[in-house]
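Build out the structure end to end from the sequences listed, making use of the hints.
Residues per chain are reported as follows:
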Amino acid sequence: MTVVDVPIASGRPRRAWRNRLFQGAMLLCMLVAFGTLAVLLVDTAITGWPALSQQLLTGLPSTLPEEAGARPAILATLYLGALVLLFSVPIGVLTAIYLEEYANRERWWNRAIEVNIQNLAAVPAIVYGILGLAFIVRGIGVGRVVLAGGLILTLVVLPTVVVASREAIRAVPDSIRQGAFALGATKWQVVWRQVLPAAIPGIATGSILALSRAVGETAPLIMVGAITYVAFNPTLLGAYTALPVQIYNWTRQPDVDFQTLAAAGAIVLLVIVLSMNAVAIFLRNRYRKQW
Amino acid sequence: MAQEAPRIDSGRIAEVSHALDRMEVESRERVFSVSDLSVAYHGNVALEGVQLHVHKNTITAFIGPSGCGKSTFIRCFNRMNDLIPGAKVSGSVLYHGEDLYSRDVDPVEIRRRIGMVFQKPNPFPKSIYDNVAFGPRVLGMKGSMDERVESALRHAALWDEVKDRLKDGALGLSGGQQQRLCIARALAVEPDVILMDEPASALDPISTTRIEDLMHDLKREYTIIIVTHNMQQAARVADMTAFFSVLVDEDGGGRTGILVEYDSTTKIFTTPSDKRTEDYVTGRFG
Numbered sequence: 001m002t003v004v005d006v007p008i009a010s011g012r013p014r015r016a017w018r019n020r021l022f023q024g025a026m027l028l029c030m031l032v033a034f035g036t037l038a039v040l041l042v043d044t045a046i047t048g049w050p051a052l053s054q055q056l057l058t059g060l061p062s063t064l065p066e067e068a069g070a071r072p073a074i075l076a077t078l079y080l081g082a083l084v085l086l087f088s089v090p091i092g093v094l095t096a097i098y099l100e101e102y103a104n105r106e107r108w109w110n111r112a113i114e115v116n117i118q119n120l121a122a123v124p125a126i127v128y129g130i131l132g133l134a135f136i137v138r139g140i141g142v143g144r145v146v147l148a149g150g151l152i153l154t155l156v157v158l159p160t161v162v163v164a165s166r167e168a169i170r171a172v173p174d175s176i177r178q179g180a181f182a183l184g185a186t187k188w189q190v191v192w193r194q195v196l197p198a199a200i201p202g203i204a205t206g207s208i209l210a211l212s213r214a215v216g217e218t219a220p221l222i223m224v225g226a227i228t229y230v231a232f233n234p235t236l237l238g239a240y241t242a243l244p245v246q247i248y249n250w251t252r253q254p255d256v257d258f259q260t261l262a263a264a265g266a267i268v269l270l271v272i273v274l275s276m277n278a279v280a281i282f283l284r285n286r287y288r289k290q291w
Numbered sequence: 292m293a294q295e296a297p298r299i300d301s302g303r304i305a306e307v308s309h310a311l312d313r314m315e316v317e318s319r320e321r322v323f324s325v326s327d328l329s330v331a332y333h334g335n336v337a338l339e340g341v342q343l344h345v346h347k348n349t350i351t352a353f354i355g356p357s358g359c360g361k362s363t364f365i366r367c368f369n370r371m372n373d374l375i376p377g378a379k380v381s382g383s384v385l386y387h388g389e390d391l392y393s394r395d396v397d398p399v400e401i402r403r404r405i406g407m408v409f410q411k412p413n414p415f416p417k418s419i420y421d422n423v424a425f426g427p428r429v430l431g432m433k434g435s436m437d438e439r440v441e442s443a444l445r446h447a448a449l450w451d452e453v454k455d456r457l458k459d460g461a462l463g464l465s466g467g468q469q470q471r472l473c474i475a476r477a478l479a480v481e482p483d484v485i486l487m488d489e490p491a492s493a494l495d496p497i498s499t500t501r502i503e504d505l506m507h508d509l510k511r512e513y514t515i516i517i518v519t520h521n522m523q524q525a526a527r528v529a530d531m532t533a534f535f536s537v538l539v540d541e542d543g544g545g546r547t548g549i550l551v552e553y554d555s556t557t558k559i560f561t562t563p564s565d566k567r568t569e570d571y572v573t574g575r576f577g
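Residue numbers (this note's numbering), protein chains in the order written: chain A, 1 to 291; chain B, 292 to 577.
Treat each hint with caution, since some may be false.
The calculated DSBU-like cross-link candidates involving lysine-lysine, where the alpha carbons are at most 35 Å apart (straight line), are [unchecked claim]: (1) 187/A with 417/B; (2) 347/B with 187/A; (3) 187/A with 510/B; (4) 411/B with 187/A; (5) 379/B with 417/B; (6) 566/B with 510/B; (7) 379/B with 187/A.
Quick look at which bits of chain B chain A covers, simulated, 3 or more residues with Cβ under 8 Å [unchecked claim]: (8) 339-350; (9) 406-414; (10) 475-487.
A few chain A residues facing chain B, derived, Cβ under 10 Å [to be verified]: (11) 173; (12) 176; (13) 178; (14) 194.
In short, the hints are calculated from the structure, not lab data.
C-beta: ideal position from N, C-alpha, C; glycine also.
If you want it as structure tokens, here you go:
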């Protein structure tokens with residue numbers, strides 16, 4: 001009997017059912033993942049909504065929930081984000097350029113660095129917090145200030161920036177480099193004028209995603225003394241608290257109104273992070289290249 | 292390959308009419324003198340013992356089967372092999388009497404004088420204008436960039452097709468146009484020699500014809516070396532033709548490219564003196 005002999009309307013064979021079964025299983029997994037996230041977001045939004053006010057954005061912290069705001073924390077978080085970008089992008093991109101364009105892979109130390117950058121990206125942030133406390137805050141005596149927090153968060157995200165930048169640089173076809181070399185360009189000109197511009201969309205996307213991770217980090221900042229009660233605007237070399245730390249602090253208060261405030265703070269943090277991700281997605285789509 | 296279809300080429304295969312005769316070629320100034328040249332990759336010899344001269348304002352073609360080292364060889368003329376880790380070139384390549392591989396020669400300076408067009412069109416992901424302007428910019432060339440770009444595009448027979456969209460992305464051009472853009476890009480730095488590594492192998496027959504016609508025009512001002520796996524193409528464009536072949540090492544299985552015969556294109560395609568050349572050009576081998 002050949003396939004042709006079987007009538008088309010002979011019912012669904014087993015493999016068709018199996019097909020549906022797996023499709024259903026995958027759908028269920030996706031619903032569990034996104035459903036949890038959605039419940040979390042909606043719950044936070046409902047809880048925090050009443051406290052989401054002008055007061056929250058511009059007020060100073062207070063022991064009275066009805067007067068408390070998070071302006072110093074929000075500002076400090078924005079400062080930290082700016083510092084992380086300022087430090088991690090140049091260092092990360094130059095490292096990536098060195099590893100991709102200059103390092104000789106036949107040398108064992110270059111291979112060792114490559115492997116270890118991957119490992120560093122997986123190190124828990126709290127470990128960087130301890131390191132930062134020992135070396136940056138106390139070791140070189142920067143103190144418990146915004147600058148120190150920025151440096152530590154830079155350490156946290158640097159491996160991610162390096163890895164993302166390397167991927168972007170590697171995606172630039174070799175024919176572009178060859179074409180530029182054949183015109184008499186120096187190595188520096190090839191990298192700076194051809195490879196890097198072509199890799200910028202990927203580098204920008206990776207860096208912004210790393211930044212949004214940095215902005216949400218709490219553990220290393222608690223470690224290096226982002227103190228939890230700051231009633232003044234932060235300065236680069238002054239004491240500070242960050243938004244996630246502020247939220248954490250509010251959740252620990254017994255007064256239920258502070259819980260509401262914490263949820264409202266979480267909404268602000270989410271808006272900051274999600275808008276950065278939106279910028280990343282925009283950049284990726286805007287500059288997507290076809291070779 | 293479409294351009295190898297007999298219907299298209301049968302009428303042209305015998306047309307070696309553009310070629311200069313050997314006397315005429317050899318009366319012209321020597322641009323390159325290659326002697327005892329060998330190239331090895333990580334110790335595996337890819338090409339051995341090559342000896343030939345290339346003369347000014349001529350087109351020289353390198354033909355031969357895959358793996359015969361013709362692409363490796365053409366990359367010796369602008370030291371592109373330097374970019375491949377583990378590549379080692381020995382012997383000498385004299386360029387107007389100066390050894391390209393001497394210690395105090397800067398490969399960057401060589402590549403400015405000896406341009407190259409690659410097998411697959413590789414325009415930069417920038418505008419048409421910026422593609423052509425890239426070379427002059429990195430070399431810090433003086434004068435009006437607009438004029439330089441226009442002149443290069445005219446020389447590459449592309450100006451009329453792109454003059455109204457110079458700011459458009461180069462990747463939007465057709466394959467044939469992209470390759471002519473790559474030629475324009477090479478011309479913009481005012482080179483002395485243009486190396487072409489199978490410049491038409493990724494193109495359709497009409498684009499191929501345009502590139503070949505262009506080469507005849509460019510010959511008046513430049514010295515051209517072309518690698519091609521298409522014998523008809525060599526017959527149509529080249530004054531001199533070098534046939535390379537592969538020596539297979541019996542015990543190790545190593546493959547080494549060698550230069551079998553180098554003569555005027557007419558001689559190579561009508562009365563070659565080596566049996567291996569005859570077998571190849573008559574299609575019995577390769």
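Query - Ascending list of hint numbers which this structure does not respect - result: 8
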